[in-house]
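Full structure from sequences and hints, please.
First to last, the sequence lines map onto chains A and B.
Heads up, the first sequence is in full-length UniProt numbering, so the first residue is 1 and it goes up one at a time.
Heads up, the second sequence is in full-length UniProt numbering, so the first residue is 1 and it goes up one at a time.
Take the hints with a grain of salt, since some may be wrong.
Pairs count within a copy or across copies, as identical chains cannot be separated in the list.
Derived pair list, reagent style DMTMM-like, types lysine to aspartate or glutamate, alpha-carbon separation capped at 20 Å [stated by the list, open to error]: (1) K242 / D289; (2) K126 / D136; (3) K242 / E87; (4) K134 / D115; (5) K70 / D289; (6) K242 / E230; (7) K53 / E466; (8) K122 / E34; (9) K242 / E271; (10) K53 / D331; (11) K53 / D193; (12) K126 / D115; (13) K70 / E354.
Because the hints were derived from the structure by calculation, they are not lab data.
Number of protein chains: 2
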Amino acid sequence: MTRYQRLATLLAQRIEQGLYQSGERLPSVRALSEEHCVSISTVQQAYHLLEEKQLITPQPRSGYFVTPRKAAPPMPAITRPAQRPVEITQWESVLELINGRLDRDNLQLGSGTPDVSSPTLKPLWKIISRIGQKQDLALLNYDNIYGYPPLREQVARLAIDSGCRLSADEVVITTGCHEALSVAIRAVCQPGDIVAVESPTFHGTMQILRGFGIRVIEIPTDSVTGISLEALELAFEQWPIKGIVVVPNCNNPLGFVMPDARKRALLTLAERFDAAIIEDDVYGELAYDYPRPITIKSLDVDGRVLLCSSFSKTLAPGLRVGWVAPGRYFDRVIHMKYIVTGSSAMQTQAAVAEFIRQGYYQPHLRRMRQQYQRNYDNFSCHVRHYFPCGICVTRPCGGFLIWIELPEAFDTVRLNRELHASNIQVAVGSLFSASGKYRNCLRLSYAMPFNPRTEQALATIAAAIESAMERCSLLPAAEPGTAQAVESRAGAKG
Amino acid sequence: MTRYQRLATLLAQRIEQGLYQSGERLPSVRALSEEHCVSISTVQQAYHLLEEKQLITPQPRSGYFVTPRKAAPPMPAITRPAQRPVEITQWESVLELINGRLDRDNLQLGSGTPDVSSPTLKPLWKIISRIGQKQDLALLNYDNIYGYPPLREQVARLAIDSGCRLSADEVVITTGCHEALSVAIRAVCQPGDIVAVESPTFHGTMQILRGFGIRVIEIPTDSVTGISLEALELAFEQWPIKGIVVVPNCNNPLGFVMPDARKRALLTLAERFDAAIIEDDVYGELAYDYPRPITIKSLDVDGRVLLCSSFSKTLAPGLRVGWVAPGRYFDRVIHMKYIVTGSSAMQTQAAVAEFIRQGYYQPHLRRMRQQYQRNYDNFSCHVRHYFPCGICVTRPCGGFLIWIELPEAFDTVRLNRELHASNIQVAVGSLFSASGKYRNCLRLSYAMPFNPRTEQALATIAAAIESAMERCSLLPAAEPGTAQAVESRAGAKG
Ligand SMILES: Cc1ncc(COP(=O)(O)O)c(C=O)c1O
Ligand SMILES: Cc1ncc(COP(=O)(O)O)c(C=O)c1O
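Shown next, in the form of structure tokens:
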């Protein structure tokens with residue numbers, strides 16, 4: 001870092017910490033040069049840098065002022081989906097999202113892909129290389145249907161951190177969490193059954209449910225506390241709900257960690273109505289707080305919880321190594337697994353098992369959690385900075401996904417198409433609803449290290465949003481930047 | 001090889017070639033010793049060895065005689081399953097078969113696992129090791145849903161050998177042929193639909209159909225020409241059949257290659273009744289004749305054939321790399337793939353693509369075809385030798401599976417249990433029928449290099465069969481070993 005960059009960083013911190021307040025005049029160039037024993041031109045360069053970042057604003061003949069600071073946007077209020085079973089649609093949009101990955105030029109802010117470039121993943125490559133050298137013929141043969149035993153051992157051990165006592169025998173390895181969800185859902189349901197889900201819900205889960213001819217009830221979900229237990233209870237009373245699919249830890253897309261008491265209450269409700277809980281914990285190990293949050297599975301006494309997860313978000317999705325701990329549905333899950341893929345690839349299982357056994361997993365997790373949290377700070381600071389008023393933004397407790405709610409009439413599908421020209425991809429909100437709700441929302445990923453390209457992309461997205469809002473007179477009429485104006489808007493969303 | 005072993009091999013060849021005929025007296029020990037310039041004891045040792053192998057029989061005071069040679073057992077006649085849609089059962093037996101793989105002490109004659117110890121597979125390990133060294137981050141990321149592009153290219157190129165012109169765009173990579181079949185069947189059918197299958201049919205296909213709530217009609221199938229077109233036509237006239245699943249090349253379990261004319265006729269029939277054909281070609285590249293047989297897909301004009309295959313039998317099943325060329329069902333197949341696993345593991349796809357690209361695949365295939373054909377010769381010779389009369393045995397045109405039909409009242413489930421004590425596992429015939437037919441049949445694998453343990457196992461199986469047949473008076477009454485007696489029995493099977 002050069003001298004002027006160091007100075008700029010220091011000044012930015014003072015602004016962030018409120019030592020220089022919003023709208024306040026900054027010290028003169030001369031004063032700063034004396035304070036920090038640097039040249040006049042160093043101070044000028046530092047001020048220029050801060051000006052570029054729009055942290056400070058020059059006023060002709062009166063020096064630099066701290067750019068008026070916007071309030072942090074409010075969080076989205078609880079969602080209000082229609083309370084009846086619906087058929088799932090949206091496959092075409094999901095396919096569009098997936099295919100966006102094909103375009104290497106795209107900045108994929110819409111995808112749920114982790115950062116796989118961390119140096120803490122290097123040992124995994126070494127392990128793969130060593131597998132090639134060791135030539136264990138067993139790795140070329142059919143795996144047993146339950147999964148590679150050393151990996152099942154490791155998965156059972158890891159589960160302890162989430163409060164779960166699992167034996168390796170209770171774990172079934174799958175081809176990613178995707179297959180885990182597929183077989184869990186198939187084990188619990190028949191075509192035509194009804195399943196309750198959080199709203200919004202991960203589009204993959206939605207498509208899996210659709211693929212098996214299952215109708216869903218989308219339950220109102222709060223971006224802090226998770227699925228509404230009150231609404232769920234009402235739904236249970238009205239419909240023969242076979243199971244509930246939830247992502248209680250670092251929810252995709254809302255980012256909440258459900259409080260323990262609510263996890264317990266959800267389980268009690270499931271027991272009362274004799275429903276299964278399919279618990280998707282794929283982001284659970286990426287919670288920013290330590291120790292990691294417990295799973296509902298850890299509270300389960302009669303085996304009604306099917307815990308699904310994978311190493312796709314924590315290590316690498318290309319490995320396709322996931323698992324399910326299906327409780328009392330074990331036998332049916334095995335049958336479904338046989339039907340779906342027969343068995344899983346051996347090599348990647350062996351590589352992951354070895355990576356964990358050699359002690360590389362926890363340091364890697366620690367680093368990724370820190371990186372994502374740091375990215376989040378950067379990202380949310382820039383969102384606050386660039387994005388117009390009248391939006392709501394989640395405050396994720398883990399993972400790397402943020403959910404932005406725009407005024408109700410906003411069309412993110414159209415926005416996404418506009419952004420395509422700038423090689424930016426976002427995930428449109430309607431993917432996360434069975435019936436195409438949340439067209440006014442979008443999900444962004446902050447997995448990748450924050451860099452000028454990301455910042456530029458955020459500015460582009462913000463500008464596109466702002467101009468669309470202007471076009472449709474969606475910008476709040478009140479003083480921009482006041483929390484009140486924003487909140488009154490938020491109340492109007494669907 | 002010692003001197004006496006060499007002599008024994010020479011004599012065995014002469015017997016095999018008919019120079020010494022069935023029942024004929026062999027030269028005296030002295031005469032042979034002079035003929036071959038070896039010691040008397042060498043000849044005696046050689047004769048002992050042949051006696052142990054039951055190729056020759058000593059007669060007190062008159063020397064050695066060629067053990068009366070049995071006629072090759074006849075092939076099974078066309079099967080006669082019930083001609084109506086049935087629900088599929090048998091999952092418990094399939095699970096038992098799969099779990100047999102867990103027991104490393106078991107000699108797994110029942111499993112469809114290829115020999116993965118061939119030196120022609122060594123380059124695959126090198127490639128895996130190099131993948132670990134190259135650290136291509138793309139391999140850690142989500143694959144695109146269609147599969148790894150270089151692998152799709154290679155698969156399309158290989159298809160040329162089966163008469164197929166495919167572009168890479170028409171190929172979808174799957175997690176083994178299992179997933180290929182799963183998604184193909186889901187793409188064509190809805191729960192409750194009726195599908196026609198060969199009878200017997202690979203148990204995996206049967207379970208996949210069951211898992212999706214599909215009923216099957218088992219169509220009579222001939223062990224030389226394949227599925228009966230006449231019976232299929234009748235079934236079409238009577239039932240709304242959505243699709244046909246066939247393994248026309250090196251059928252599992254019957255081993256036939258359907259003649260081209262019949263492949264064409266089958267396609268015509270499917271066109272007439274507007275049904276899809278799900279063609280499973282997983283053993284097609286292991287046909288003993290060169291060039292390999294064509295696929296039905298190669299004749300397809302309107303995209304109704306979904307070609308499913310994998311590298312599980314040709315390379316290694318632990319890789320879980322398969323594919324489907326779904327014709328006009330492409331979009332639905334992609335949707336189903338997303339639902340089932342999302343995408344496939346990257347590394348193993350990259351390894352296979354590289355193995356083929358570097359030219360290792362064809363030499364490997366050539367070697368495996370030769371090995372399996374040689375194993376078959378050995379295997380069938382020993383079956384003929386050890387097994388009692390009254391059985392029918394297939395003559396596979398490729399692959400490494402043989403189907404043995406015992407008298408109708410025979411119970412192979414019980415046999416399998418008895419063999420368990422000797423650490424031998426066979427595949428019971430009832431696995432290959434939706435309704436548990438073929439309890440009197442068994443499938444054996446001859447993939448592994450033939451060795452004394454295999455020979456011992458065959459002798460054990462044969463003895464168990466013979467004693468069971470004696471117990472139930474199932475041995476043919478006529479002169480043992482005459483083809484006639486055997487064939488009259490064969491007529492009586494179900
Ligand atoms: C909540 C949730 N569950 C499951 C998955 C699928 O995980 P995998 O890649 O292991 O199949 C994802 C990935 O996008 C996800 O976000
Ligand atoms: C006829 C047939 N189809 C499909 C399969 C499954 O192949 P894969 O291991 O590639 O899933 C087998 C393997 O047993 C088979 O015999």
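Verification of the hints:
Taking the shortest Cα distances, K242 and D289 never come within 20 Å of each other, neither inside one copy (33 Å) nor across copies (54 Å). Taking the closest pair of Cα atoms, K126 and D136 come within 20 Å of each other both inside a single copy (16 Å) and across two copies (13 Å). When the C-alpha separation of K242 and E87 is checked against a cutoff of 20 Å, the pair qualifies only within one copy, where the shortest distance is 16 Å, while the shortest distance between copies is 24 Å. For the identical chains of this complex, K134 and D115 are inter-copy neighbours only, at 18 Å across copies versus 29 Å inside a copy, given an alpha-carbon limit of 20 Å.
Taking CA atoms no more than 20 Å apart as the test, K70 paired with D289 passes in neither setting, with 27 Å inside one copy and 76 Å between copies. For the homomeric pair K242 and E230, the shortest alpha-carbon distance inside one copy (18 Å) is at most 20 Å, but the shortest distance between copies (45 Å) is not. In the homo-oligomer, the alpha carbons of K53 and E466 lie at most 20 Å apart inside one protomer (18 Å), although the nearest pairing across protomers, at 88 Å, exceeds that limit. In the homo-oligomer, the alpha carbons of K122 and E34 never lie at most 20 Å apart, since the shortest distance is 47 Å inside one protomer and 70 Å across protomers.
When the C-alpha separation of K242 and E271 is checked against a cutoff of 20 Å, the pair qualifies only within one copy, where the shortest distance is 11 Å, while the shortest distance between copies is 41 Å. In this assembly of identical chains, K53 and D331 lie within 20 Å of each other by CA distance neither inside one copy nor across copies; the values are 58 Å within and 45 Å between. For the identical chains of this complex, K53 and D193 are neighbours neither inside a copy (53 Å) nor across copies (62 Å), given an alpha-carbon limit of 20 Å. Proximity of K126 and D115 under a CA criterion of 20 Å is satisfied intra-copy only: 19 Å inside one chain copy versus 28 Å between copies.
For a Cα distance limit of 20 Å, the shortest separation of K70 from E354 qualifies neither inside one copy, at 48 Å, nor across copies, at 54 Å.
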